[in-house]
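*Asks:* Knowing the structure of chain A, use the given hints to seat chain B on it.
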Amino acid sequence: MAEHNLLEAVNLALKRAMAEDPRVLVLGEDVGVDGGVFRATDGLLQAYGGNRVFDTPLAETVIAGVAIGLAAQAFRPVAEIQFMGFIYPAIDQLVNHASRLRNRTRGRLSCPMVLRAPYGGGIHAPEHHSESTEAMLAHVPGLRVVIPSSPRRAYGLLLAAIRDPDPVVFLEPKRIYRTFKETLADDGEAWPLDQAEILRPGSDVTLIGWGAMIRECLTAAEQLAADGIEAEVVDVATLAPLDTETILESVQRTGRVVIVHEAAGNAGYGAEIAARIADQGLYDLEAPVRRVTGYDTVMPLPRLEHLYMPNVTRIIDAAQDCLAPA
Amino acid sequence: MSLVAEFTVDHTAYLDAEGKQVQPLPAALDDQGVLVELLKQMLLARCFDTKAIELQRTGQLGTYASCLGQEAVGVGVGHAMRTEDVLLPAFREHALQLARGVHMTELFLYWGGDERGSDFAVPRQDFPVSITVGGHAPHAAGVALAFKLRGEPRVAVCMFGDGATSKGDVYEAMNLAGVWQLPVVFVVSNNQWAISTPRAEQSAAATLAQKAIAAGFRGEQVDGNDVIAVAHVVGEAMAHARNGKGPRLVECLTYRLGDHTTVDDAARYRSDEEVSRAWHEEPLRRLRSFLTGSGAWGQETEDDWLQRCSDEVNQAVDDYLNLPARAPETLFDCLFETLPEGLVAQQQVVMTGGADDG
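The listed protein sequences correspond, in order, to chains A and B. Using this note's numbering, read the first sequence as starting at 1 and increasing by one per residue. Using this note's numbering, read the second sequence as starting at 1001 and increasing by one per residue.
Isolated chain B (complex conformation):
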């Protein structure tokens, strides 16, 4: 017998749950100003998330998937990406979309049931969220192939959860990206739960990162509640892809502190004790603690920032709630570039109020 292949999966963390540094910080992130910025983005995302749930509970937003507890993944990946890269997000990546420059009003619009919410003013080439789990992974391979063919130093970033790693779509995309050495980084937001299915019942693999090994490229794990680890390791993966060296996968270990969506009740399938333990690990507390220890952050700074977040979110809510409704005929206007003649009559029916008859 001979050994024909072996592999390892690295795990990276810089701050523990208490905000204690466990190893020297990577040079680019050993900068209080940068870290304060990351903390501010995470706070902003949480403020947005809290408001979104409040809107849903008061009948002003549709079903919404909270990102509570996963802010470090989004903000860390956002920090690693360049403006010209393209994001293909799953549906729980509000923190990342905000970091990319998607406007809160647009996110409220989308989750409020209006397609205009995916017509981002910026970034124009980012994909809308994928509601089909993992269905967007093949698109990321296509976007990455476009970059490669044009010789552009850009990277496609595909976000999905632990549940998506069980899907054929994701494996097909990773497999193809490996064969063609595409500039794409797959990031798993492993929040431990796919609605009611725990990570242990999702896959018998010791890590989800190792699924990349089967596709012929490196997969590694980070503490997904440590924004420094996410930003650094994803940043390295992006540099690798950008330099024409092929895809990478980064599995971010985090936890979904909220329900799957606003129509879910997680208490049906997981214990309070587990959630309490997870709260102890959440991403904001540790970075706040780390930065407070060094004097770069404090209660007053945080109060000021939270006030600004609140103002921004409230302004976005106003803009969202006051946006005039779409004209009825727009039901048809983006079906094709040019509306086929046969559909004009249906459009007329809607325009003349026929849609309200039922």
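Chain A with its partners taken away, still in its complex shape:
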């Protein structure tokens, strides 16, 4: 089995989806001839031609909107927003249309589309290229928000998103696009949506994260283990709808929780997870829930980016804080 990085996994999933279903179309800025600015769509135009792969004008609203029209007409569009920082003109389309087309027509029309966007910091990108605003999207009823944390999960989750009969926002942590590889069988096997996954079992503290933060959590868990602390790592994977069960079960085992995300802490998605734990798992807790997040500041330009990003040290500190005797 070949090894692939996350970016290659996305590319493989797109190729697989296009091969297995002629309704799957790919559209976005520079996705055709150029193969995408990160090369996620490399080779698709050559393989499937101009009636399946579309370079669009530079207009995010219409990229999302055309996908909605295509989806209502039984195509399976996979639209790309080049960076999450440019997704906002498309948010009206997601909030007011994609997420509610099925409901407002009582199922007469539906919207099986995927909107992909690279997101997150850590690659010293220019302004507006590093934010993580997934909580805004996770707040929208009728929308799925999926974030892979590794090549294998990117492949399987993207296939699942494309095959899903409802709209999915698929956010790709670009910091780990190329940082590591996994063996990956390009077998068309989808990963389940709406399901969090325990990546490492442990009994002392639960580290909950998604996307690029999973690497930080796993590294933190290894270092904690050296100190005799067994951390369980939960990859949320689908932020909305949230798999509360898996999280609560983990809290039952460990009694201690650290939630990690790059986005600002204020009204970040960690707040929702913490609230659910408080609501349904309070009596399992042996320490207050900790959040390790970006600060409530504007995402800095690259020179100060390292201060903003949650890192292994901050995660370990939070975990040890949970475990400290009261």
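Careful: at least some of the hints might be erroneous.
[Claimed, not checked] Quick list of simulated restraints, FRET-style, between CB atoms:
{"hint": "1", "chain 1": "B", "residue 1": "Ile1131", "chain 2": "A", "residue 2": "Gly49", "range": "36 to 42 Å"}
{"hint": "2", "chain 1": "A", "residue 1": "Pro192", "chain 2": "B", "residue 2": "Ala1345", "range": "17 to 23 Å"}
{"hint": "3", "chain 1": "B", "residue 1": "Thr1330", "chain 2": "A", "residue 2": "Gln46", "range": "45 to 51 Å"}
{"hint": "4", "chain 1": "A", "residue 1": "Phe86", "chain 2": "B", "residue 2": "Ala1214", "range": "18 to 24 Å"}
{"hint": "5", "chain 1": "A", "residue 1": "Ala47", "chain 2": "B", "residue 2": "Ser1196", "range": "51 to 57 Å"}
{"hint": "6", "chain 1": "B", "residue 1": "Ala1345", "chain 2": "A", "residue 2": "Leu301", "range": "39 to 45 Å"}
{"hint": "7", "chain 1": "B", "residue 1": "His1011", "chain 2": "A", "residue 2": "Leu58", "range": "32 to 38 Å"}
{"hint": "8", "chain 1": "A", "residue 1": "Phe86", "chain 2": "B", "residue 2": "Tyr1269", "range": "36 to 42 Å"}
{"hint": "9", "chain 1": "B", "residue 1": "Thr1063", "chain 2": "A", "residue 2": "Ala324", "range": "53 to 59 Å"}
{"hint": "10", "chain 1": "A", "residue 1": "Gln46", "chain 2": "B", "residue 2": "Gln1181", "range": "19 to 25 Å"}
Derived from the structure by calculation, the hints contain no laboratory data. Just so you know, these numbers come straight off a predicted model, no measurement behind them. Note that CB positions come from ideal geometry on N, CA and C, so glycine has one too.
*Replies:* What follows is chain B alone, placed relative to chain A:
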């Protein structure tokens, strides 16, 4: 200096405000039977509209956007469309939706606050009304792309008002439709007012039709109170799009005779004189006058037809008011194709009456 581009915008009308023919009628519409049918549809739409306002005023309908005065746009576009085409309407196109076969009961249901009103028995592929102004224009481009990719001779028709032409969504959709030569026709129901903003403050462009020029395709104007002009020019635009020649835009000059919606008071921002002048231009009077002159229509015919309209509308009101309420759990049943496990508990709360606690 050299001239690199120039353009013209045509304006078409066949009947003046008095119903006097100003030029020979297009062949397909030079048919009394067809024109009588169009007049009947406009009368029906007005009858529906009057009843909708009455229902709202008596607490039996929600906030409603009247189409009074704009019936010729809807009926004309409806005449130009084929059954298999797809309509993407703004929220004031009841006349057109009725022409498309949407049932009055469904329209009452929607404006009465029930999603079932957008689950049209026919036409199944038409979009529900877009409440977000212009937000549906990109969908029209997507629908048109679907037709093009499947090689189907169908056209997407996107309706919006003068206000929507100021929006980026609309320009993005038109721009893309131009680049990709999509089978879509954009129709502007220019009723001169976007709530309180008059046409002159909406855009400095001499016409809204010329916005199509910037997107690389033809835009033209018609007298939107002349159903013959609307039907003919939109029909030509549809034939053009259907033949794979790309998009068109038609700006229909009309007037919103009523308030923006039932919660608006237009007297706050426009004069009675202006509205009186507009009444003189309204679409029904001129076609009625034209057809009466030729003997194809008369008071007795109109009385008979209005009685039938009234019967149909009243039947629809009965059906609307007597439709059983939706079961509480249906709040959840169309959120996704399959309700995610995590939402089942919330659905249970609603089913057991929890929703009424607050």
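*Asks:* If a hint holds in the structure, say so; if it doesn't, say that too.
*Replies:* Taking the hints in turn, this is what the structure says about them:
Range check, Ile1131(B) to Gly49(A): Cβ separation about 37 Å, and the 36 to 42 Å hint holds. Separation of Pro192(A) from Ala1345(B) is about 20 Å and conforms to the stated range, judged on CB atoms against 17 to 23 Å. For Thr1330(B) and Gln46(A), the hinted distance range of 45 to 51 Å is satisfied, since their beta carbons lie about 47 Å from each other. Judged by the Cβ atoms, the range 18 to 24 Å given for Phe86(A) and Ala1214(B) holds: they are separated by roughly 23 Å.
At about 54 Å, the beta-carbon gap between Ala47(A) and Ser1196(B) stays in the expected band of 51 to 57 Å. Here the CB-CB span from Ala1345(B) to Leu301(A) is close to 44 Å, well matched to the stated 39 to 45 Å. Between His1011(B) and Leu58(A), the C-beta spacing of about 34 Å keeps the proposed range 32 to 38 Å intact. A beta carbon spacing of about 37 Å between Phe86(A) and Tyr1269(B) agrees with the range 36 to 42 Å that was offered as a hint.
Hint check: Thr1063(B) to Ala324(A), Cβ distance near 57 Å, so the stated range 53 to 59 Å holds. Separated by about 23 Å at the C-beta atoms, Gln46(A) and Gln1181(B) satisfy the suggested range of 19 to 25 Å.
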